[in-house]
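**Q** Keeping their order, the protein sequence lines are chains A and B. For the first sequence, the numbering used here gives the first residue as 1, with consecutive numbering after it. For the second sequence, the numbering used here gives the first residue as 1, with consecutive numbering after it.
Honestly, I wouldn't trust all of these hints.
[To be verified] So these bits of chain A aren't anywhere near chain B, every CB distance computed over 12 Å:
no., residue
1, Glu100
2, Gly103
3, Ala127
4, Val222
[Stated by the list, open to error] Label pairs and their computed distance ranges (CB to CB):
no., chain 1, residue 1, chain 2, residue 2, range
5, B, Thr148, A, Ala59, 23 to 33 Å
6, A, Pro74, B, Gln149, 28 to 38 Å
7, B, Ala93, A, Arg253, 40 to 50 Å
8, B, Ala94, A, Asp14, 13 to 23 Å
9, B, Ser55, A, Glu132, 56 to 66 Å
10, B, Val98, A, Ala15, 22 to 32 Å
11, B, Val102, A, Arg131, 31 to 41 Å
12, A, Pro152, B, Gln149, 33 to 43 Å
13, A, Ala15, B, Gln149, 23 to 33 Å
To be clear, the hints were calculated from the coordinates, so they are not data collected in a lab. Keep in mind that this is a model prediction, so the values were computed, not measured. Note that CB positions come from ideal geometry on N, CA and C, so glycine has one too.
Each chain, written out:
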Amino acid sequence: MIVLDRVGMTYRADAGPVEALRDITLEIGRGELLALVGPSGCGKSTLLRIIAGLRPATAGRVTVDGSVVTRPIPAVGMVFQAPLLLRWRTILDNVLLAAELAGLDRGAHRARAEALLRLVGLDGFGARQPRELSGGMQQRAALCRALLLDPPLLLMDEPFGALDAMTRDELNLELLRVWGEGSAARKTIVFVTHSIPEAVLLADRVVVMTPRPGRVARLFDVPLPRPRTVATRAAPAFGALTVAIHEALTETR
Amino acid sequence: MCALMSRRALVRLLPSAALFGALLVAWQLAGPAFGIREYLLPAPTSVVRAMLNVSIPWPTHIWITTLEIVGGFAVAAGAGVALGIAIAWSPVAARALVPFLVFVNTLPKVAVAPLFLLWLGYGVVPNILIAALIGFFPVVINTAVGLTQVDEELLDLGRVFGAPTWKVFVKIRLPNALPYVLSALKITATAAVVGAVVGEFVASQAGLGMVIVNAQTNLNTPVAFAALVWISIVGLTLYGVVVLAARRWAPWAEAGS
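Just need the whole structure built from these sequences, with the hints factored in.
**A** So, in C-alpha cells, the structure goes:
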C-alpha cells in the first residue's frame, strides 16, 4: 500500500520558487493499477519520481507499506518514456543491468532474464544490440529490465508515449498480460500517461490532475471487467468514461 | 560476402591510389624534364634509395622516434583521461583545473620545447613530454564531456536500482565516454608525431627529426625526404592502430553516427 499524504513540491528557480505539486493525497492499494493523467507540465512525472524516492518532496510524505520514502527503495521498478538501453550492451545484458546495479549476482538472474524476454516476445533477441530493435521492442526490453528483480511496485512514466498507435495498443494488452490481470501476485502499478483511452483500458482508477501546481482534480473508478481485451474498447462504459475524463480534464483548464 | 566487401573497398580506394601513382610518375619525370636539381626536389627513386641506404642507421632513428611518439601518446592518453575524470568527478577540481589547462593549451608548445631540453637534458624523455604536451588537451576535454553528457534519466535508472555513485560511474558514465575518448585519441596520435619531431628539431642525438635537420644542413635532400616518409609511416601506423581500437572497443559509436 502506497500512501501519499499532502505531498507538495516547490522548485527553486531563478525567477523565484515554482510550485509544481500541491497537497496530493492518495492511497494506492496493493495490486492496483492507478493511472495519472493531466496536462503537460502538471507534475505527474515529478510525482512519480517522488514516489520512487528519486526526488524529495518539499511538503508532505510518501509511505510504502508503512515506511517513509526518503531515497530509492528496492521494492520499485521503473520504466521511462525512452527505453534507456545502454547501446554498448546486448539486450540480455541490458536486462541484467538491473541485477548488476543492485549489486546482485548476474548468473543467478540469467534464467529469469531469458524467461522475461520470452514472455514479451523477444525470444532469440537476447544477443542483439539495442539499435537492431524497433522502438516497441526496445521498450519491451526496458520492461523486462524493470521486472527482473520482481519488484512489487512498478512505476511507469509515459512508457508507450513515444510509440506509434498500433504498437502502443499492442503493448498495452501485453502489459496487462505480463502484469497477470486477476492473479493475486500482481504488482502495484502507477502509470503516467497523456492518453485517456490508454488510462481507461489499463487502470483500476484514473487520477485527473490540474495544471501547475498539480493537484488531484477528480478520481474515476474504472469498473470495466478484467481481463481486458481489444473488445474492451468497444464497450459502452469505455466510451462513456473516456468522454467523462476528457470533460474533467477540460474543466481543469 | 567478404570478397564482395573487399572488392567494394578496392573500388573506393582506386581514385586516391590512381592519383597518388600519377603524382609519383609526374614527379619522377619532372626532374629530368625541367632540369630540377636533386637537392631541391629529389626524384621518388632517389628517396626510396635513401630510405634503404644501409650506411644510415635507419632502424635506430625509427626506433627512437617511434618510442617518443608512442611514449608521448601514452602519457597524453593516461594524463588526459585522469584529468578528464577529475574534472567530471569534482566541481572543485573542475574550477581549479580548467583555467590552468586552458592556459597551458594556449602556450605555443614549440616555444616550450627548448625549456624542456634545458631542464631535462638531451634524450628521449623531453621529446616524449613535448609530444604529450601537444596531444593531451583534447583527451582531457573529450573525457570530461563524455563523462558528463549522460542522459539524466539514465542516471535516475542507476539510482532506482540503488547503485552507488561509483557503480553508475563504471557501468554507465565510463562506457558512455569511451567514443569521445577514442575520437580524441585520433587527434592525439597525429599531434604526438608533431611533438616528437619538434623536440628532435630543437636538439637531439638521434631520431628521424634530427636526420632531417642534419640532411638539410648538408643539402642532402633525398635523405630528408626519406626521413619524412619514415615519419609518416610511423604516424599512419599509430593512427591506424587507434582507429582499429575504436572499431574494436566502441563499435556502437561508429554505427550510431
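**Q** Could you run down the list of hints and mark each one as holding or not?
**A** Evaluation of the provided hints:
1. Residue placement check: Glu100 of chain A does not keep its beta carbon more than 12 Å from all beta carbons of chain B (closest about 6 Å).
2. A beta-carbon of chain B comes within 12 Å of the beta-carbon of Gly103 of chain A; the shortest separation is about 7 Å.
3. The claim that Ala127 of chain A is not at the interface with chain B holds, since no C-beta of that chain comes within 12 Å of its own (minimum 14 Å).
4. Every CB of chain B lies more than 12 Å from the CB of Val222 of chain A, the least distance being 27 Å, so the non-interface label holds.
5. A hinted range of 23 to 33 Å holds for the C-beta pair Thr148 of chain B and Ala59 of chain A, which are about 32 Å apart.
6. A hinted range of 28 to 38 Å for the beta carbons of Pro74 of chain A and Gln149 of chain B is consistent with their spacing of about 29 Å.
7. Distance hint for Ala93 of chain B and Arg253 of chain A: a CB-CB separation of about 48 Å, consistent with the stated range 40 to 50 Å.
8. Ala94 of chain B and Asp14 of chain A have their C-beta atoms about 22 Å apart, which keeps the hinted 13 to 23 Å range intact.
9. Range check, Ser55 of chain B to Glu132 of chain A: about 58 Å between beta-carbon atoms, so the 56 to 66 Å window is met.
10. Under the hint 22 to 32 Å, the C-beta atoms of Val98 of chain B and Ala15 of chain A, about 29 Å apart, fit the expected range.
11. Taking 31 to 41 Å as the suggested C-beta distance range, the pair Val102 of chain B and Arg131 of chain A conforms, at roughly 36 Å.
12. Remark: the range hint 33 to 43 Å for Pro152 of chain A to Gln149 of chain B is upheld by a beta-carbon distance near 35 Å.
13. One distance hint, 23 to 33 Å for the beta-carbon pair Ala15 of chain A and Gln149 of chain B, holds here, with the actual separation near 27 Å.
Checked against the numbered hints above, the structure breaks hints 1, 2 and satisfies the rest.
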